[in-house]
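Asker: Make the full structure from the sequences, and use the hints.
These protein sequences, in sequence, are chains A and B. For the first sequence, the working numbering gives the first residue as 523, with consecutive numbering after it. For the second sequence, the working numbering gives the first residue as -18, with consecutive numbering after it.
By construction, these hints were calculated from the structure, which means they are not laboratory data. Model, not experiment: these values are computed from the prediction. Even for Gly, the Cβ is constructed at its ideal location relative to N, Cα and C. Careful, some of the hints might be misleading.
[To be verified] Sample of chain B residues at the chain A side, in silico, Cβ under 8 Å:
(1) D29
(2) A33
(3) P36
(4) S42
(5) R43
(6) R58
(7) A60
(8) A70
(9) P73
(10) V106
(11) V124
(12) T202
[Unchecked claim] Taking lysine to aspartate or glutamate pairs in the EDC-like style, the calculated list, with each CA pair at most 20 Å apart, reads:
(13) A/K638 <-> A/D723
(14) B/K51 <-> B/D168
(15) B/K80 <-> B/D168
(16) A/K680 <-> B/D162
(17) A/K652 <-> A/E619
(18) B/K51 <-> B/E125
(19) A/K680 <-> B/E125
(20) A/K638 <-> A/E619
(21) A/K652 <-> A/E557
(22) A/K652 <-> A/D629
(23) A/K680 <-> B/D160
(24) A/K680 <-> B/D46
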Amino acid sequence: MSASVRRHHWVVRVTHWATVIVLAGMITSGLQIYEAYARFGNRGGPFFPSPFDGARFPTWTRLGGWLAGALNWHFALMWPLVAIGLAYLAYLVGSGEWRALFFRPRDVRGAIEMAKYYLRLRPDHPPQGKHNPLQKLAYTSIYLFGTLAVLTGLAIYKPVQLAWLTALLGGFQAARYWHFWMVWIFVAFTLTHVILVFAVDPASLRAMITGWYRGRFPSHE
Amino acid sequence: MNDSKRLSGQEAKHSGERAKRLRIDRRAFVRLGVAGGTASLAAACGWDGGNALRPRLLDVSRLNDWVGEKILFSTTRLARTYSPAERSAMLPSYFVSSKMPMLANPAAWRLRVGGLVAQPLELTVEDLMRMPRTSYTVKHHCVEGWSAIASWHGVAVSAIVERCRPAAAARYIEFVSFDSDYSNGWDMASAMHPQTILAYGMNDNPLPPAHGAPLRLYSPTKLGYKMTKYLVSMTFSAQRPGGYWEDQGYPWFAGI
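Answerer: This is the structure:
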């Protein structure tokens, strides 16, 4: 066993777990809202292709009980969601940790090496800093998807006052369509994230809770 | 190797501090788990917040109303208009009565304008038709998430305001219908928006009964449920009036 290293600042840990709770509320209230009109396109069509046309999601996945209840949850939780996202970004920028997290062009070569390792095309794990390049790619894109979720949400919340944003995203129904797809991106990310944590580096779970890491990849210290 | 290292005094002290920190963090984690578990349970029950949280959610909804009305709403920004060729194939309609509301004697119908006004009015549809006409083709947004494009024509609410001359204290208008107890409360700024009209026509025809004949409120800057159909009166007041859906928990401002 290697020695413990300080890994996650409390701001990172608090925003991480707060996001878990708030995002769960946003997704479940969103699925309840979706049920009120479960397709995409102006009345009379044409409609956007979607495997979820007319879908009803199980009761346990829906928050709010009915449309008004779900809207009130969704429009209350949007504030902490944005606040958490901005606090996390402020920490990354203020601490300089964005350098270890954001995927940059120079990470492309490393990402290819990492992919080779996972595909068993190279035997040894490439050297890495706090996060390997594929992790950087995943964490950078999920932050961008989070931003897109907020922007598409604003576009369908105020399609007249923020008409420029709604138009930029392809119109009201297109923005609604992309807003809905964000759900599945977050669900897929979370499943992959949790599976990788337990399969590859279970010690990282404790690190996200206590801040201290005692596992296989302490190389950044 | 690690154990032998721990024997050194400094390491032991460090380890003790860490253990303390771990305990605290573990307690925080349990608390987090309880909160997360409650959230999942909430979802499982289709929970609207219960008696404890529902009022707090409505407080936030009022805050959102304030942001929508005072920060985001523009009295001059116009909703995008479309060409009549872009009209949707259909636009759903609804009423809250068990049967479609119809006037027994259409000739006797009047729009009563009252409350905090210098000049109360009683207007027939013909009176309204003689006033300057506003028409447009716009997108209708329903709170459920659907949208549809249609044309509407009628008289601007601001033209009525000009004639009835509300008192300075009048900050809201209550629009009441003959569709059971359906009504809506509007803030004055939204009502005075140039695209807020009392519509007596739709898609170049007289307003059909399904869409609120003989007269309905229309505005492309609001969600559909704010546009009172089957109008009978508009009353100016200093207090914020409720509304059919608003009183059940739907957002009051509903500006988009």
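Asker: With reference to the structure, classify each hint as holding or not holding.
Answerer: Hints, one by one, checked against the model:
| no. | hint | verdict |
| --- | --- | --- |
| 1 | D29 | holds, 3 Å |
| 2 | A33 | violated, 14 Å |
| 3 | P36 | violated, 11 Å |
| 4 | S42 | holds, 5 Å |
| 5 | R43 | violated, 11 Å |
| 6 | R58 | holds, 7 Å |
| 7 | A60 | holds, 5 Å |
| 8 | A70 | holds, 3 Å |
| 9 | P73 | holds, 7 Å |
| 10 | V106 | violated, 28 Å |
| 11 | V124 | holds, 7 Å |
| 12 | T202 | holds, 5 Å |
| 13 | A/K638 <-> A/D723 | holds, 19 Å |
| 14 | B/K51 <-> B/D168 | holds, 11 Å |
| 15 | B/K80 <-> B/D168 | violated, 30 Å |
| 16 | A/K680 <-> B/D162 | violated, 28 Å |
| 17 | A/K652 <-> A/E619 | holds, 10 Å |
| 18 | B/K51 <-> B/E125 | violated, 24 Å |
| 19 | A/K680 <-> B/E125 | holds, 14 Å |
| 20 | A/K638 <-> A/E619 | violated, 26 Å |
| 21 | A/K652 <-> A/E557 | violated, 42 Å |
| 22 | A/K652 <-> A/D629 | holds, 13 Å |
| 23 | A/K680 <-> B/D160 | violated, 28 Å |
| 24 | A/K680 <-> B/D46 | holds, 12 Å |
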